[in-house]
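*Asks:* My request is simple: use the sequences and hints to build the entire structure.
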Amino acid sequence: VDDMEDKMPKIRVIETRYGMRMPAFVIGTWRMGERAGQKKDEIAAIRLAIDLGVTLIDTAEMYADAETVVGEAIKGRRDGLFIVSKVLPSNASRKGTIQSAERSLKKLGIDCMDLYLLHWEGSYPLEETLEAFESLRAAGKIKHHGVSNFDTRAMADAERLKAGKRIASNQVMYNLGRRGIERSLLPWCREHKVAIMAYSPLDQGSLKSTDALASVARRHNATPQTIAIAWTMRDPWVAS
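Residue 1345 is where the sequence shown starts when you use our numbering, and the numbers rise one by one after that.
No lab work stands behind these hints: they were computed from the structure.
Every residue, glycine too, gets a C-beta built ideally from N, C-alpha and C.
None of the hints are false.
Here are the computed lysine-lysine pairs in the PhoX-like style, where the Cα-Cα straight-line distance is at most 20 angstroms: (1) Lys1439 / Lys1485; (2) Lys1506 / Lys1487; (3) Lys1451 / Lys1485; (4) Lys1485 / Lys1450; (5) Lys1509 / Lys1487; (6) Lys1439 / Lys1451; (7) Lys1487 / Lys1537; (8) Lys1439 / Lys1450; (9) Lys1451 / Lys1487; (10) Lys1487 / Lys1450; (11) Lys1537 / Lys1509; (12) Lys1419 / Lys1451; (13) Lys1383 / Lys1419; (14) Lys1450 / Lys1419; (15) Lys1537 / Lys1506; (16) Lys1506 / Lys1439; (17) Lys1451 / Lys1383; (18) Lys1451 / Lys1384; (19) Lys1419 / Lys1485; (20) Lys1450 / Lys1383; (21) Lys1439 / Lys1487; (22) Lys1384 / Lys1419.
Just the calculated beta-carbon pair ranges, DEER-fashion: (23) Gly1524 / Asp1395: 33 to 41 angstroms; (24) Arg1563 / Ala1408: 35 to 43 angstroms; (25) Arg1361 / Ala1556: 30 to 38 angstroms; (26) Arg1562 / Arg1375: 26 to 34 angstroms; (27) Arg1447 / Ala1556: 39 to 47 angstroms; (28) Pro1580 / Arg1379: 36 to 44 angstroms.
*Replies:* Below is the structure:
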């Protein structure tokens, strides 16, 4: 086991403002927890990822029963993991955010989340959600907070709020076929030391392997999918 651990590549860490240190490689859990018959395999997949050195696990209250799947997968293995979940905008009032966090913690079987995100902009004032995040942080139930699916305008608006200046991460779609964040959002996040979490690095399985991608993959004795994910992670501020 020690030899296997020594041979494992070290996963880069992104250091953001306010001291958050986030691993740059992620295992996502969207579409997990939807079918009871697949639960055993999903738990095994997460545990295998942990065995291979993946420490960041991303989930959300919207993802069916994925939080419970994660909770069972990490039981007895919490140390050293970086756990992320998200509150639905429809629950993101001050009181609702705190209640959602409590539910997520219970399903995950942990006392504190490393990062808690607002899944996307909703009808509740962002200031109210951020105040709830601050209360959760003060209570020791989350370490850091952030957002998801925020564009540059939304990030700039959030930055004007007191708790908005503590936003440590923004989770958005980014892959070889969808590079819109490179125009303004990624530069904005770099400038403000906010980490980008890129979801769907393979465009939910629809990313095509071009001749160029296949050629690079052959040179590195890797799959086109591996190269596509590595390309997404090439920026020091992007986790994928």
